[in-house]
Structures are given as structure tokens and as C-alpha cells.
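Given chain A, put chain B in place with the hints provided.
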Amino acid sequence: MGLYRDEGVVLRTQKLGEADRIITLLTRSHGRVRAVGKGVRRTRSKFGARLEPFTHVDLQIYEGRSLDVVQQAETVSSYGDRVVGDYGRYTSGTAMLETAERLTAEEKEPANQQFLLLVGGLRTLAGGEHPPGLVLDAFLLRSLAVAGYAASFYDCARCTRPGPHPFFHIAAGGSMCGSCRPSGSATPARETLDLLAALLSGDWLTADASDLRHRREGSGLVAAYLQWHLERGLRSLPMVERT
Amino acid sequence: MYEGVVQDLIDELGRLPGVGPKSAQRIAFHLLAADPGDVHRLAQVLTVVKEKVRFCKTCGNVAEDEECRICRDPRRDRSVICVVEESKDVVAIEKTREFRGRYHVLGGAISPIEGIGPDDLRVRELMTRLADGEVTELILATDPNLEGEATATYLARLVKPMDLRVTRLASGLPVGGDLEYADEVTLGRAFEGRRLLDV
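Those protein sequence lines, which keep their order, are chains A and B. Just so you know, my numbering puts 174 at position 174 of the first sequence, and the rest follows in order with no gaps. Just so you know, my numbering puts 189 at position 189 of the second sequence, and the rest follows in order with no gaps.
Each hint should be verified, as a subset may be incorrect.
Below, a list of computed lysine-lysine pairs in the DSS-like style, where the Cα atoms sit at most 27 Å apart [said to hold, decoys possible]:
| id | chain 1 | residue 1 | chain 2 | residue 2 |
| --- | --- | --- | --- | --- |
| 1 | A | 15 | B | 88 |
| 2 | A | 15 | B | 95 |
| 3 | A | 46 | B | 88 |
| 4 | B | 95 | A | 46 |
| 5 | B | 22 | A | 15 |
| 6 | A | 38 | B | 22 |
| 7 | A | 38 | B | 88 |
| 8 | A | 46 | A | 108 |
| 9 | B | 57 | B | 95 |
| 10 | A | 38 | B | 50 |
Label-pair ranges, simulated between beta-carbon atoms [claimed, not checked]:
| id | chain 1 | residue 1 | chain 2 | residue 2 | range |
| --- | --- | --- | --- | --- | --- |
| 11 | B | 67 | A | 227 | 41 to 51 Å |
| 12 | B | 2 | A | 241 | 46 to 56 Å |
| 13 | B | 181 | A | 164 | 49 to 59 Å |
| 14 | A | 204 | B | 79 | 39 to 49 Å |
| 15 | A | 72 | B | 194 | 25 to 35 Å |
| 16 | B | 160 | A | 211 | 24 to 34 Å |
| 17 | B | 7 | A | 74 | 40 to 50 Å |
| 18 | A | 145 | B | 156 | 34 to 44 Å |
Derived by calculation from the structure, the hints in this document are not laboratory data. Small disclaimer: the values here were computed from a predicted structure and weren't measured. Note that CB positions come from ideal geometry on N, CA and C, so glycine has one too.
Just chain A, same shape as in the assembly (with noise of 0.2 Å):
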């Protein structure tokens, strides 16, 4: 047991006692984390809006014997504010933090890769450039790769035949040629295809310049592949208000 220093994004907050709280963080070094926010409900804590979900911060936490304490904590960038300033990038962001939150399973284990999607996802969130449901899917399909559950929009996931295929199936991991497709597969636009592959490499030119039904097919797809890897759903995807 001792003190550590990392920098990481709050996850949630659930109020704990008369005026603490569980952070859940998402950090550089020691992946996710929890850790008690020890009177930071007062309206006079030291942490004010510093740990509240949205939150880069840097970090001093004494490690507990069940959960550890948050002992100092400083901003490095809060995203906060200019989320929830509007209520769709508000539900999209919520959304990212929550698949974040279990697409990294194990407490303490390094998380970097998740930790700088996670950063970069909410500055693109937050700066308002993109349309918060594509930011979202972006991050979505983004932090499945990273997780090892890539999607393939263009080969063939199953014999890596060039595409582009008529032809996605969830479980077997995206596009399908013809010889390979099992039943059930679904027939998608070539468009949303082609959205989603922009999303998954950040061609923001092809994604912004998407048709309104091509992503509302694609937030489909990328939901139910993103429910098929993480076994039940997002509690907060249903309710991300897209436009």
C-alpha cells in the first residue's frame, strides 16, 4: 500500500456515505480505477468540479486496502462543461464513458490505448466539429479495435477475400463475401459500409458528408456489435438522442 500518481478521465460517480463519493477513472498507467472522493459533495470541497465524469485529471491517490482515496487532484482539461451544454452530445458522451468503463474489465491493469482513444474522443466531442452520434460510433467501433474486436468493412472477415461484399454479419465479425456469408446476415447500404469504415480510420471528410438513413443504419450495426462483444448492452445507448 502506498501513495501513486497518474493522470486519468472520471468514468462515474456514485455517492457514497453522507458526502463522499466512488470516482471511477479511467487512467493512464493503472487502467481503471476506483477511488473514494472523500467529502466531495460538500459545497466547499478542496475537489470542487474537479471529479466529476468528463474530467482529465492528474492525480494523487493513496491505495486502500478495498478501494483506494483520491488525495490530491488537479484538471488537466474538463470536457464537462461544453458537453452538457447540449443534450445530444451529453448522451453520446455518457455512452463513450460507460463502454470505456467495461471495455476495461480488469481494475489496475495499464490501459493506455484506451485511456488516449477515450481523451481524444471527448476533445473531439466537446470541440463540436462533428456530429456528436457520429463522434460516438467513431469511438464505439475505435475502442472495439483497440479491445481486439475489430470490425472488417471492406475483406471479407472470415477469408479476407477483397471487398467490397453485399453481405455483415455481427458474429462473424463484419463484411462477408458470398461463399462465406452464414445465414442471417444482413444486406446494409454500400454507404454505411463505406461510413462506418470512415469512422473506424477518422475519414471525418466521408463521415461528416454521410447521409441522415446511412447513419442511422450504421449507429444500428455498430449498437448490435458493440452488444454481441460486451455480452448485454449499454445501460446509456438507448437514450443517446441522435439527429
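Same frame as chain A, now just chain B:
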């Protein structure tokens, strides 16, 4: 482990929020040693509170009748509604003696990560109250945390077509605190909401 009913009492007390097994044991032995009249009174209050207390049909605050004391009071300003998350917030605002309007208790805040959306709160009831046109100002006094802010944003957008004056409680530096300890968000809000000192 204690015998029968004593252990039952410890178990029941231990189910209360913030009461651990040691505290439950201490409270149980305090009750055993206390005057029987005091214990009887406590038992009676617990029963009565569960039987009598309900939620006000208008604002959702805790009440002993169909409507709470504040909604029944004819001296309260009917043109202003202050929206809060919990009944506890009504008590906190009442203590200030600054507000003479009426309240609307939402029963929580929007928190998608906990699975709580607008449909789980008393938002529809609020819209019904606003529909008759009597209310001219809506004060959004949800907690100054992320969920509270998101709820305020949602409500402000929802009532926008109603042409109401929608205000949000100011947030900034706490009275009696030191400026150097204020976090960036709080200090930033205090700057945004600074007021003219006309002396």
C-alpha cells in the same frame, strides 16, 4: 450473533443507509437500554410516517395530505416554479427564506449511465403544470453537478417554445472559502456570473 429478536433488530438497523454492522449493534443496545416510552414513541413515529406520508399530487414533495403545505399556501407566488431534484432540496431552499414561489420535485436527475432518462422523472407532470399559462418563470435548481446541469439543459430546451423566463441558479465561489482552492470550473463560472458592484 445474538439471540432471536435482538439479532433481528441489529439486522434491520444494518439495512439502513450509512449504518454498518457495528453501528447497528450500538444503536440496538442503546434502544435496549433506553426508556420504554422513548422506544415506543420511535416505533409509533416509524409506523405513522409510513402510513401517512405520501407525495404531493402537484409538486411531488413529501406531504401528509394530497397536497403539500407549500402548494396549499395561498400566499405563495403561483407564477414561479422552482425545479429541484429531491424533497431535501426544497427544505434547503426554504431555509434561505428567499424564494416565495412554488416547487416541482423531479425525483432525481437524468443519468443515462445509471439508466435514468427523462421518462423516469416527473417531467411530464411539470409540462402539465406549465400548460395552463399561469407560470411565467421557471427556476432550474437542479444540483450543480453534471447530471443536474444536463437535466437543466434538457428542461430548458423542452420549455423553450412556451415563452417562459427560464433561469438557472448561479454557481461560483462558496461564501467563506479561499479563492486559491477553487477549481477551474467553479472559478470560471464565478467569472462568467460576476456582478456589478454599485456602491
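Now for the hints, and whether the structure bears them out:
1. A:15 with B:88: Cα-Cα ~15 Å, so holds.
2. A:15 with B:95: Within the cut-off at roughly 24 Å; holds.
3. A:46 with B:88: Between residue 46 (chain A) and residue 88 (chain B) the Cα gap is close to 23 Å, so the pair holds against 27 Å.
4. B:95 with A:46: It holds: about 25 Å lies between the C-alpha atoms, which stays within 27 Å.
5. B:22 with A:15: Within the cut-off at roughly 21 Å; holds.
6. A:38 with B:22: OK: residue 38 (chain A) and residue 22 (chain B) at ~21 Å, within 27 Å.
7. A:38 with B:88: 21 Å, holds
8. A:46 with A:108: 26 Å, holds
9. B:57 with B:95: 23 Å, holds
10. A:38 with B:50: At roughly 33 Å apart (the allowed maximum being 27 Å), residue 50 (chain B) and residue 38 (chain A) break the hint.
11. B:67 with A:227: 41 to 51 Å: At 45 Å between Cβs, range holds.
12. B:2 with A:241: 46 to 56 Å: 54 Å, holds
13. B:181 with A:164: 49 to 59 Å: Roughly 58 Å apart at Cβ, these two residues keep to the hinted range, so it holds.
14. A:204 with B:79: 39 to 49 Å: Cβ of residue 204 (chain A) to Cβ of residue 79 (chain B): about 48 Å, so the range 39 to 49 Å holds.
15. A:72 with B:194: 25 to 35 Å: 28 Å, holds
16. B:160 with A:211: 24 to 34 Å: Holds, since residue 160 (chain B) and residue 211 (chain A) (Cβ atoms, about 28 Å apart) stay within the stated range.
17. B:7 with A:74: 40 to 50 Å: 48 Å, holds
18. A:145 with B:156: 34 to 44 Å: 37 Å, holds
The structure is inconsistent with hint 10 alone, although it conforms to all the rest.
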